[in-house]
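Novice: So the chains spell out like this:
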Amino acid sequence: AQSVSQHNHHVILSEAASLELGCNYSYGGTVNLFWYVQYPGQHLQLLLKYFSGDPLVKGIKGFEAEFIKSKFSFNLRKPSVQWSDTAEYFCAVRGNNDMRFGAGTRLTVKP
Amino acid sequence: EAGVAQSPRYKIIEKRQSVAFWCNPISGHATLYWYQQILGQGPKLLIQFQNNGVVDDSQLPKDRFSAERLKGVDSTLKIQPAKLEDSAVYLCASSLTGSPTDTQYFGPGTRLTVL
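Each protein sequence line maps, in turn, to chains R and F. Every number in the numbering used here is 540 more than the matching position in the first sequence, counting from 1. Every number in the numbering used here is 559 more than the matching position in the second sequence, counting from 1.
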C-alpha cells in the first residue's frame, strides 16, 4: 500500500531563510506527486505537482520540488521564505488508485 | 470560477446522533472525493465518485457512513450513528476527469465535533 512520510512536524524559520521540507513515499509503481498548502483560514490548494518529465518542478509563489526516484523522495524547497508562507504543507502521492497524504508540516515564518 | 462549496461549515452533535454534509463541486468536474482529516493528520480518502458512480470506497466505514451523488453533480455524506472518533474535518474535492495526474480542488471543509 502507498504511504507518505513527512519528516518535520513543525518548522520555524525567520524571513529570508531557505526552506526544505522532506517527503518520502512508499509505492512500487508509477507515481504522481503533489504538494498542497493550507494557509490559515483557507482551503487546501495545489502548490505544484510532478507526473513525468523534468524531475525539478516549479510551482506557485517561488516554490519548487525535486523528484528523486532512487530515494523515493519529493522534497519541497524555497530559497527565501516570507512571513506570508506561514501555512501547513502536505505532500501527497497518487498511483493508480487513491491519493495518500502525509501528516503535514506546519511552517511558521517569523517576521 | 466558483470553487467547491460545502455546508455546513461547523457541526456539533452528540454521539449516536446522525449528521449529513453537502458538497457542490466545480461545474463540469466529473470526479468528486470525500476526505476525512483528523486533527494532526493528513486527509484520508473516504470515497471517490466518477459522475454518479462509485470508483473507490474501500476506506469508507460502511456500517455507519454512506454517500451519494445521485445526479452526478452535488453529493451528500452521512454518518449514522456518529461516534466520538468521527470528530474531524470532512473535505470535499473535485477534479476534471479523475485522472491520477489531475489537480484536486478542495472545499473549505465541514468541522464535525462529536460529544
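Please note that the accuracy of each hint is not assured.
[As the list claims (entries may be wrong)] DMTMM-like, lysine to aspartate or glutamate: derived pairs with alpha carbons at most 25 Å apart:
{"#": "1", "chain 1": "F", "residue 1": "603", "chain 2": "F", "residue 2": "622"}
{"#": "2", "chain 1": "R", "residue 1": "598", "chain 2": "F", "residue 2": "616"}
{"#": "3", "chain 1": "R", "residue 1": "609", "chain 2": "F", "residue 2": "661"}
{"#": "4", "chain 1": "F", "residue 1": "574", "chain 2": "F", "residue 2": "622"}
{"#": "5", "chain 1": "F", "residue 1": "570", "chain 2": "R", "residue 2": "628"}
{"#": "6", "chain 1": "F", "residue 1": "630", "chain 2": "F", "residue 2": "615"}
{"#": "7", "chain 1": "F", "residue 1": "603", "chain 2": "R", "residue 2": "628"}
Hints are computed from structural coordinates only; laboratory data are not their basis.
Novice: Taking the hints in turn, state whether each one holds.
Specialist: To see whether the hints hold, each was checked on the structure:
1. F/603 - F/622: This hinted pair holds, its Cα atoms lying about 18 Å apart.
2. R/598 - F/616: Outside the cut-off at roughly 33 Å; violated.
3. R/609 - F/661: holds, 21 Å
4. F/574 - F/622: Within the cut-off at roughly 15 Å; holds.
5. F/570 - R/628: Distance ~23 Å between residue 570 of chain F and residue 628 of chain R Cα, so the pair holds.
6. F/630 - F/615: Given that 25 Å is the threshold and the Cα spacing comes to 18 Å, the pair holds.
7. F/603 - R/628: Cα-Cα ~16 Å, so holds.
Taken one by one, the earlier hints fail for this structure only at number 2.
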